[in-house]
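**Student:** Chains as they are written, first to last, in this note's numbering: chain B, 1 to 454; chain C, 1 to 454.
It should be emphasised that the hints constitute simulated quantities derived from the structure, not laboratory data.
Fair warning: this is a prediction, and the values are worked out from it, not measured in the lab.
Virtual Cβ for every residue (Gly too), placed ideally from N, Cα, C.
Certain hints may be false.
Covered by chain C, according to a simulated footprint, are these stretches of chain B (three or more residues, beta-carbon under 8 Å) [claimed, not checked]:
1. 42 to 49
2. 55 to 63
3. 306 to 318
4. 369 to 377
5. 398 to 404
6. 430 to 443
When the alpha-carbon atoms are kept at most 25 Å apart in a straight line, the in silico BS3-like pairs for lysine-lysine are as follows [to be verified]:
7. B:Lys375 - C:Lys274
8. C:Lys147 - C:Lys204
9. C:Lys452 - B:Lys317
10. B:Lys149 - B:Lys204
11. C:Lys274 - C:Lys100
12. B:Lys32 - B:Lys77
13. C:Lys452 - B:Lys32
14. C:Lys317 - B:Lys452
15. B:Lys274 - B:Lys90
16. B:Lys452 - C:Lys32
17. B:Lys452 - C:Lys452
18. C:Lys217 - C:Lys193
19. C:Lys90 - C:Lys77
20. B:Lys32 - B:Lys274
21. C:Lys54 - C:Lys136
22. C:Lys217 - C:Lys147
23. B:Lys217 - B:Lys204
24. B:Lys375 - C:Lys54
25. C:Lys452 - B:Lys31
26. B:Lys132 - B:Lys149
27. C:Lys54 - C:Lys204
28. B:Lys148 - B:Lys201
29. C:Lys375 - B:Lys61
30. B:Lys136 - B:Lys77
31. C:Lys61 - B:Lys54
Pairwise CB distance ranges, derived in the manner of DEER restraints [said to hold, decoys possible]:
32. C:Gly208 - B:Asp189: 51 to 59 Å
33. B:Asp30 - C:Gly202: 48 to 56 Å
34. C:Asp228 - B:Lys31: 51 to 59 Å
35. B:Asn450 - C:Arg259: 36 to 44 Å
36. C:Gly208 - B:Gln346: 54 to 62 Å
37. C:Asp275 - B:Asp354: 33 to 41 Å
38. B:Lys349 - C:Gln139: 56 to 64 Å
39. B:Gly208 - C:His135: 55 to 63 Å
40. C:Asp266 - B:Tyr314: 45 to 53 Å
Protein chains: 2
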Amino acid sequence: MNTLMTDILIIGAGPAGMVAAMTAVQYNPDKKVTVIKSYEKSQVPCGIPYVFGKTLGEVEKNAMVCGGGPIADMIEKITDTVQSVNIETKTAVASNHTIKFDKLIFATGSIPFVHQSFQSALNLENVFTINKEYHKVEQLKDHLLDKKKIIIIGTGFIGVELACELASNDKDVTIVGGGHILAGSFDEDMAVKAEEIMVNKGIKLALGQHANHIIEKDRLAAGIELCDGTIIAADVVLLATGYEPNTLLASRAGLKLARYNGIWVDEFMRTKNKDIFAVGDCSGRRDFITRDPSKVMLASTSAAEARVAGSSLYSIKHLKGFNGTIAIFSTMIGDRAFASAGVTEQRAKNEKIDYVSGFFEGINRHPGTIPDASKQSVKLIAMRESGRIIGGQVVGSKEAGEIINIIGLAIESELTLYSIISLQVATQPLLTSAPTTYPIIMAAQMALRNGKTS
Amino acid sequence: MNTLMTDILIIGAGPAGMVAAMTAVQYNPDKKVTVIKSYEKSQVPCGIPYVFGKTLGEVEKNAMVCGGGPIADMIEKITDTVQSVNIETKTAVASNHTIKFDKLIFATGSIPFVHQSFQSALNLENVFTINKEYHKVEQLKDHLLDKKKIIIIGTGFIGVELACELASNDKDVTIVGGGHILAGSFDEDMAVKAEEIMVNKGIKLALGQHANHIIEKDRLAAGIELCDGTIIAADVVLLATGYEPNTLLASRAGLKLARYNGIWVDEFMRTKNKDIFAVGDCSGRRDFITRDPSKVMLASTSAAEARVAGSSLYSIKHLKGFNGTIAIFSTMIGDRAFASAGVTEQRAKNEKIDYVSGFFEGINRHPGTIPDASKQSVKLIAMRESGRIIGGQVVGSKEAGEIINIIGLAIESELTLYSIISLQVATQPLLTSAPTTYPIIMAAQMALRNGKTS
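Okay, chain B solo, but in the shape it has when bound (with noise of 0.2 Å):
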């Protein structure tokens, strides 16, 4: 058993892991800054859908690099598992490591949820969760090579993700659900269109009921019956029905817990112990507009957190702490991106937010004569009276990957309808929408008229 000391411990090395270790070491370039994980290699979260179809293919293409780069090596790396923690001696013991602390930082990510009426079904070798261990990326894919009738449970983005990969490698699929796909992001009207696309792509939507229970026959999964009593057949069950915090390391040395079960921390990402942080997936989210408890899991959002906590651990150097998630994020159906922030108007609804929505489809070059012009499509909801923006959605060719950053920038600095319609954009024939219908300016205006009439 080794003992270590170290100034700053990081339990895990995912994105909130390594990003809140680089930011430890530029605001701390005279602490010793230590990185502890399980295992040896670890896969890019978001790119895991990517190595079961054609763009990645091969899980060895998704492998995340962590390393290279000054800062990057002034991190000690440990490839060890943390069995417990004590906070009040500041010591980690791992199986062949003890290491003595002065700040932690929780960064232990997130695993598989699965529904109890699924779980006596995990035995089975033709069923399995999407599991973001290396090793377990590697045994499914090796698993899938043979199987044709896939199910995916699940219509959140990985459950999508999947399965637009998976056809794309003419594997038959269905894509079973509660409601339409990616309902916790986008509303109905633009739902649709990513399943009109999904549909043209030849995947199955079993959607607008949950699937009741796996059908099991000779120690395998067989297929699923939905609740009205279809039974769909299948080789393969996948359960991508989302992840949970994994915080059984951080309760069991005595840290409170928020609801959903991330660690309780505050704006600075501090637990209730000022020398004791928890980032990224395994931490306790609230939500950027209604302040409730969040179930968002993004990576985005982790490294967010991770550079408020990385730049937090000795004193507070920004009153900017973390004020949320926007749940901001995106992925691309076929060769549309959807993309989308803060709240749909569906969940406005829900919770009573009096807000105005407007929507614009215009061409994301100009003129429309421009060889690679096609439709881009804004959704943005606001605030009624104050017009203060609280959400939007888009679809469109790829960079609405970095439109949507736009109405994230404008939800997180409290902008409203407004400033965005005088807003001054770069716009050029190659590269966006005409200046005299940008999408999200028009959108605002939309907004703003609808608010008037309604």
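Following the hints, complete the assembly by docking chain C onto the known chain B.
**Tutor:** Just chain C now, with coordinates in the frame of chain B:
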């Protein structure tokens, strides 16, 4: 001579005029809105370079389509040339119409600026400015058909875009200018990336000294002579040396002009007379950062001004007027997008601004093994003490055209580097850089670090 009555008259139907008209209709649905323009057909101004190469290839494909939609249909359109405006009697006299108005918006645009030393050469039939009128673009395109050696004087966006398009059509192109290309928008470190691409496309760069004069022979331009005596032969000489406000009509009407001869306007685009507005290239612009008069001419800025004017005709609706141009624009050079907003480092130096800058070069997908991954560079410029962001430059794939709009929003919203470092962004393998290395955030971190150590 027809005599017409209208509530709101707009002179000019470029981007500024059309957006002003559309906004005027939206805010004043009970008022009659009339647009008067000299020519039936017009060109998308920023699209003009692309009719000369393979991108559009035809003048017709760059026609500006104004009509369509219930709002556009509510605008009365007249084709005629206004000869004089009487502000006291609120009357505009055109060749075939006399129009009485209540509110007037000048949107008369800009005309090519030609340095005195080239003015006499304008009579030669193979010397052209880049005139935005439809038939002039046609004339130039026809003239270039059987010509090979083309000299472009001027290294702004139009000159550079024209050079790339003409080179793609197998022309022998030389571009001439006193410094690096696009020097107003990019620092040398970014400009050289663009120059390298142009050289690889076979474009000859004659940079570092100005063209002295155009050499005349047999009533044609035979080439140019540079300041050091070098002679470059040519079949055609194109003057892409900028534009100046088209304000003859306004000045004859007695309106005050600002420095650089734009029509003087307040923050709401009103002239000294609160019933008379000016928007677009004919208006006197100020710079967002320095508040000095600005020569920047951009259709997107024009559209922003037009939206302010169109909503302020009868009363000021929003306190946010037009706070000056942030000079935000983008272009493509080869397969790389170049985009810029606010001040460059060079300009910050010239203006004696105490600034810091941060630069980051990463990859626009993650992992870097994603098939269409390519380099992405971001530079941010901020006030040293407060960290307030005052400029940015981006080089990358097409999404750089929207990344600059994130930076533009940060500049306009007076955000600081401190807000940016914990910004929540959407990241996705197929669409953006990794969450751990999002380039705007990395550049902001770099700027903060540079601020400390310098």
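**Student:** Are the hints correct? Go through all of them and say.
**Tutor:** So, going through the hints one by one against the coordinates:
Only residues whose beta carbon comes within less than 8 Å of a beta carbon in chain C count, and the region 42 to 49 of chain B has 3; three or more means the coverage holds. A count of 5 residues in the region 55 to 63 of chain B with a Cβ less than 8 Å from any Cβ of chain C is obtained; the coverage claim is therefore met, three being the minimum. With 4 residues carrying a beta carbon less than 8 Å from a beta carbon of chain C, the region 306 to 318 of chain B meets the three-residue requirement, and the given coverage holds. Coverage of a stretch by a chain is defined here by at least three residues with a beta carbon nearer than 8 Å to that chain's beta carbons; for the region 369 to 377 of chain B and chain C the count is 3, and the condition holds.
Counting residues of the region 398 to 404 of chain B whose beta carbon lies closer than 8 Å to any beta carbon of chain C gives 7, which reaches the threshold of three, so the coverage claim holds. With 8 residues having a Cβ less than 8 Å from any Cβ of chain C, the region 430 to 443 of chain B passes the three-residue criterion, so the hint holds. Under the criterion of a C-alpha separation no larger than 25 Å, the hint pairing B:Lys375 with C:Lys274 is inconsistent with the structure, at around 40 Å. The suggested pairing of C:Lys147 with C:Lys204 holds, with an alpha-carbon distance near 17 Å, which does not exceed 25 Å.
For the given pair, C:Lys452 sits about 14 Å from B:Lys317 by alpha-carbon distance, which is consistent with the 25 Å threshold. Our distance criterion of 25 Å between C-alpha atoms is met by B:Lys149 and B:Lys204, whose separation comes to about 11 Å. Our distance criterion of 25 Å between C-alpha atoms is met by C:Lys274 and C:Lys100, whose separation comes to about 17 Å. For a cut-off of 25 Å, the pair hint linking B:Lys32 to B:Lys77 stands: about 11 Å separates their Cα positions.
With a C-alpha separation of about 21 Å, the suggested pair C:Lys452 and B:Lys32 falls inside the 25 Å cut-off, and the hint holds. The suggested pairing of C:Lys317 with B:Lys452 holds, with an alpha-carbon distance near 14 Å, which does not exceed 25 Å. Distance check on the hinted pair: B:Lys274 and B:Lys90 sit about 12 Å apart at the alpha-carbon level, within 25 Å; holds. For a cut-off of 25 Å, the pair hint linking B:Lys452 to C:Lys32 stands: about 21 Å separates their Cα positions.
With a C-alpha separation of about 49 Å, the suggested pair B:Lys452 and C:Lys452 falls outside the 25 Å cut-off, and the hint is violated. Using a Cα cut-off of 25 Å, the hinted pair C:Lys217 and C:Lys193 is violated, with the two alpha carbons roughly 37 Å apart. Distance check on the hinted pair: C:Lys90 and C:Lys77 sit about 19 Å apart at the alpha-carbon level, within 25 Å; holds. With a C-alpha separation of about 19 Å, the suggested pairing of B:Lys32 with B:Lys274 holds against the 25 Å cut-off.
Distance restraint check for C:Lys54 and C:Lys136: the Cα-Cα separation of roughly 19 Å lies within the 25 Å cut-off, and the hinted pair is therefore satisfied. The hinted pair formed by C:Lys217 and C:Lys147 meets the criterion: a straight-line CA distance of about 17 Å does not exceed 25 Å. Annotation: proposed proximity of B:Lys217 to B:Lys204 holds, straight-line Cα distance about 23 Å (limit 25 Å). As the CA atoms of B:Lys375 and C:Lys54 are separated by approximately 22 Å, the hinted pair is consistent with the 25 Å bound.
Annotation: proposed proximity of C:Lys452 to B:Lys31 holds, straight-line Cα distance about 18 Å (limit 25 Å). For the hint pairing B:Lys132 with B:Lys149, the CA-to-CA distance comes to about 23 Å; that is within 25 Å, so the pair holds. Proposed proximity of C:Lys54 and C:Lys204 is supported: the alpha carbons are some 19 Å apart, at most 25 Å. The straight-line distance between the Cα atoms of B:Lys148 and B:Lys201 is roughly 15 Å, inside the 25 Å bound, and the hint therefore holds.
For the given pair, C:Lys375 sits about 18 Å from B:Lys61 by alpha-carbon distance, which is consistent with the 25 Å threshold. The suggested pairing of B:Lys136 with B:Lys77 holds, with an alpha-carbon distance near 22 Å, which does not exceed 25 Å. With a C-alpha separation of about 36 Å, the suggested pair C:Lys61 and B:Lys54 falls outside the 25 Å cut-off, and the hint is violated. Distance hint check for C:Gly208 and B:Asp189: the Cβ-Cβ separation is about 55 Å, which falls inside the suggested range of 51 to 59 Å.
At roughly 53 Å, the beta carbons of B:Asp30 and C:Gly202 sit within the given window of 48 to 56 Å. C:Asp228 and B:Lys31 have their C-beta atoms about 57 Å apart, which keeps the hinted 51 to 59 Å range intact. In this structure the supplied range 36 to 44 Å holds for B:Asn450 paired with C:Arg259, their Cβ-Cβ distance being about 41 Å. The beta-carbon spacing between C:Gly208 and B:Gln346, approximately 60 Å, falls within the hinted interval of 54 to 62 Å.
As the Cβ distance of C:Asp275 to B:Asp354 is approximately 37 Å, the hint placing it in 33 to 41 Å holds. Under the hint 56 to 64 Å, the C-beta atoms of B:Lys349 and C:Gln139, about 58 Å apart, fit the expected range. Under the hint 55 to 63 Å, the C-beta atoms of B:Gly208 and C:His135, about 58 Å apart, fit the expected range. In this structure the hint that C:Asp266 and B:Tyr314 lie 45 to 53 Å apart at CB holds, the actual value being about 50 Å.
Hints 7, 17, 18 and 31 from the earlier list are contradicted by this structure; the remaining hints agree with it.
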